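Protein chains: 2
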Amino acid sequence: MNDVMRLLTQHRSIRKFTDDPVDQSTVEVCVQAGQAAATSSFIQACTVIQVSAGETRDKLAEWAGGQAYVSSAPVFMVFCADMKRHALACDMHQADMLSGYTEQFLTASIDCALFAQNVVTAAQSEGLGICYIGGLRNNPQAVSDALGLPDLVYPVFGLCLGYPDQNPETKPRLPLSVVLKQDTYDQTGDEATIREYDQHVRHYYETRTGGNKSMTWSEQISGMLQKEARPHMLPFLQERGFLKR
Amino acid sequence: MNDVMRLLTQHRSIRKFTDDPVDQSTVEVCVQAGQAAATSSFIQACTVIQVSAGETRDKLAEWAGGQAYVSSAPVFMVFCADMKRHALACDMHQADMLSGYTEQFLTASIDCALFAQNVVTAAQSEGLGICYIGGLRNNPQAVSDALGLPDLVYPVFGLCLGYPDQNPETKPRLPLSVVLKQDTYDQTGDEATIREYDQHVRHYYETRTGGNKSMTWSEQISGMLQKEARPHMLPFLQERGFLKR
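One line per chain: the protein sequences are A and B, in this order.
For the first sequence, the positions run 1 to 245 when this note's numbering is used.
For the second sequence, the positions run 1 to 245 when this note's numbering is used.
Chain A with its partners taken away, still in its complex shape (with noise of 0.2 Å):
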C-alpha cells in the first residue's frame, strides 16, 4: 500500500477544528483538484459555493439539523449540480435546451460527488479534516434560497474543511467480499458474512462511546429504513427543473 492508498483508507470525518484559519490558496488549489475529476461528456456540471461564517452558515447549519461544526468550520462550501451554466451554453447559441431528464441529474449530480471527493483528497493530503454535510438536504429549498440558487441549479451536499481537532478511529467498512463481486451478482453468504461484521460494528459503536451506543450495522439500517427518506426531494427537484422525465 503506498502513502496515496493510507490517506485514502485513513479517512475518517472531521466534526471538530482547531481555529487556525485555511489560507484561501489552499482552498482554491482543493477545488482545482476537484475540477481536475472526470467529467461525464465534459458537462463540468459543478459549482462550489464558498460560504463565509456568519448568518447565513448559522442558517445552514440549523437546518442541516442542529449541525454546529457547519457553522464553527473553517471552510464552508456547497457542492450544486448546475444545469445553468448549460443553459447559458445554449443561448450563446440560440439552441433550444431540452432539459429535465433522469439522465442529466444524475451526470450533473455524479459530476459534482466526484469533483467534491477530489476535493476532500486534496484537502486530506494538505492535512486538513472534513465532513460530508447531507443534512442540507433536510431543507433544500431554504437552502437555495439563502444562496440564491437559480432553477437547474441544487445543492447536493455540503463539506466543511479544517485542521483537525480530534481523532476519530476509522469506522470498519463492509467486508470485501461482499462489496466486490465477480461476472455476476450473488448475494450468497453475505447475510453470513455481515452478522459477523455486525459484531465488528457493535464493537467500534461501545468502544467509542465507553458503551453508550451499541448497534449493528444491519440494524442501524433498518431502523432507517423504516423511515420516510425526505419525501420532499422529488417535489423540490421537479421544482427546481429536474427529474421531469
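Hints are computed from structural coordinates only; laboratory data are not their basis.
Careful, some of the hints might be misleading.
Unchecked claim - Derived DSS-like pairs: lysine-lysine, alpha-carbon spacing no greater than 27 Å straight-line:
id: 1; chain 1: B; residue 1: Lys-59; chain 2: B; residue 2: Lys-16
id: 2; chain 1: A; residue 1: Lys-244; chain 2: A; residue 2: Lys-16
id: 3; chain 1: B; residue 1: Lys-171; chain 2: B; residue 2: Lys-213
id: 4; chain 1: B; residue 1: Lys-213; chain 2: B; residue 2: Lys-16
id: 5; chain 1: B; residue 1: Lys-59; chain 2: A; residue 2: Lys-227
id: 6; chain 1: B; residue 1: Lys-59; chain 2: B; residue 2: Lys-227
id: 7; chain 1: A; residue 1: Lys-244; chain 2: B; residue 2: Lys-227
id: 8; chain 1: A; residue 1: Lys-244; chain 2: B; residue 2: Lys-213
id: 9; chain 1: B; residue 1: Lys-16; chain 2: B; residue 2: Lys-244
Just so you know, these numbers come straight off a predicted model, no measurement behind them.
Given the coordinates of chain A, assemble chain B onto it according to the supplied hints.
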C-alpha cells in the same frame, strides 16, 4: 502543490492499455480505498462487479456504444448502486423497508461516485490509467440482465483499468471563477469568461486532432442539450424500484 494534488490534477482518461496484467491484489486494495470514502449515514450502498474478459465484456462494450477498450482493458468493473443489501438488513430484523424515495436513489448513486473516485485515485497512484464508462446507461436493462442484478440495484457506470499505452494531454477545465463562487450564486461575468475558455477548448481539440475537430465547450454542450438524454432512464429506474416517490 503537493504530490497528491499533482496526481489529481494530472488526470486524463486512458482508452488504450498495454497488455501488462493488473494484479488482483492491486484491484482489491483499490476497491478497499473506495470503501474508505465517506458514505451517507453509513449506508455503504456501492457494489462493484468485476467482469472478466470474454463474452459478457464484449457485449458490455457493444451496449456502451462500441467502446472497444471496455472489452480489452485488463480490468473492467461495474459500479452498482445497491439497496438490495439494505433489503437484506431489513429482512434480518423483520423490518418493513420503505423504498423508492428519490433521496435514497441520490445517496446510493453518490455513494458509488465517491467510492469510485477513490478507486480511481488509488489506481492512478499505482501508475494505472482509467476511463469511466457512462455508456452502460445506453442499455441499463441489458447490462442488468447480463450481470444478474436484482431489483434495488442498478449499474451507475463502468470503469476500465490498466497500464496506459497512450499519453493524452489533460483537457482544459472551466476557469476557477466560473466554478467557485462566494456566498451566493452569481452568473455575472460567466458568459465572457466562458467565451474566452471556449477558445482554449477549440485550440485543445485542434491540436489533438491535427485540425480535424474544432469545437468550443459551449458549442459542444449546446449541441448535446438539443438532443434527448437517455429518456429510458426514468422508466428503467422505476421498474428497478428507484425514483418512485
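Evaluation of the provided hints:
Distance restraint check for Lys-59 of chain B and Lys-16 of chain B: the Cα-Cα separation of roughly 19 Å lies within the 27 Å cut-off, and the hinted pair is therefore satisfied. A hinted pair counts as satisfied when its Cα atoms are at most 27 Å apart, and Lys-244 of chain A with Lys-16 of chain A does not qualify at roughly 40 Å. Using a Cα cut-off of 27 Å, the hinted pair Lys-171 of chain B and Lys-213 of chain B holds, with the two alpha carbons roughly 14 Å apart. The straight-line distance between the Cα atoms of Lys-213 of chain B and Lys-16 of chain B is roughly 20 Å, inside the 27 Å bound, and the hint therefore holds.
Restraint check: the Cα-Cα separation between Lys-59 of chain B and Lys-227 of chain A comes to about 40 Å, which exceeds 27 Å; the hinted pair is violated. Between Lys-59 of chain B and Lys-227 of chain B the CA atoms are separated by roughly 25 Å; this keeps the pair inside 27 Å, and the hint holds. The suggested pairing of Lys-244 of chain A with Lys-227 of chain B holds, with an alpha-carbon distance near 16 Å, which does not exceed 27 Å. A hinted pair counts as satisfied when its Cα atoms are at most 27 Å apart, and Lys-244 of chain A with Lys-213 of chain B does not qualify at roughly 34 Å.
The suggested pairing of Lys-16 of chain B with Lys-244 of chain B is violated, with an alpha-carbon distance near 40 Å, which exceeds 27 Å.
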